[in-house]
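Novice: Listed here are the chains, written in short residue letters.
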Amino acid sequence: GENVEQHPSTLSVQEGDSAVIKCTYSDSASNYFPWYKQELGKGPQLIIDIRSNVGEKKDQRIAVTLNKTAKHFSLHITETQPEDSAVYFCAAHMDSNYQLIWGAGTKLIIKP
Amino acid sequence: KAGVTQTPRYLIKTRGQQVTLSCSPISGHRSVSWYQQTPGQGLQFLFEYFSETQRNKGNFPGRFSGRQFSNSRSEMNVSTLELGDSALYLCASSFVGVKDEQYFGPGTRLTVT
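From first to last, the protein sequence lines are chains A and B. Counting with my numbering, you get residues 1 to 112 for the letters of the first sequence. Counting with my numbering, you get residues 1 to 113 for the letters of the second sequence.
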């Protein structure tokens, strides 16, 4: 079955610097890759997603890149701010099993 | 518009008991998914309902069950609780399903003693 590995589990960066979180997936049939942000005491919230027919997508300070050959995708956050501190989850979806498979999460800490 | 609501927010049960959790999706959303979240394990998919039908189920034992009503509200039930069932249970709603943006509720924190 599909498996998603996410690294690192914890990432600490200086405010203003960039942060990169990486995920790899096992099934080449996966075709949808969302990223969710979870703040303390809240449910996850979609921040950006990408489909398999696109290599990169940007939304202001956030970008996601997808390498289908290597079966990995990454979240890039530039000019990090204190409000970026949260747990970030990647996920992958295949039409055949109709569910999202989630990574274990990355705790992002922004140091002032 | 009102977000996804889950009740209760916190619950303490003892082993062997059963529990029912409730989820009210965003108005107009017909898909409701349930997830179990434990530290370091990410989100584990339990099941998804669409228009009162279970469309998919994750790898959980039969003690975990759910249903969806005609107004799209959903409940999940866990029978014969075990200590390992202690977790945050999240509900998410969307218009068409898991490939659509999912809106999560705040979760129900279940503690089994």
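Hints should not be assumed to be uniformly reliable.
As the list claims (entries may be wrong) - Here are the in silico distance ranges between beta carbons for each label pair: (1) B:111 / A:107: 29 to 39 Å; (2) A:52 / B:14: 38 to 48 Å; (3) B:57 / A:31: 14 to 24 Å.
Claimed, not checked - Below, computed lysine to aspartate or glutamate pairings styled on EDC-like, alpha-carbon distance capped at 20 Å: (4) B:57 / A:2; (5) A:37 / B:75; (6) B:99 / A:15.
Derived by calculation from the structure, the hints in this document are not laboratory data. For glycine and all other residues, C-beta sits at the position ideal for the given N, C-alpha and C.
Novice: Hint by hint, work out which the structure violates, then give me just those numbers in ascending order.
Specialist: As far as the earlier hints go, 1, 5 and 6 are violated by this structure, in ascending order.
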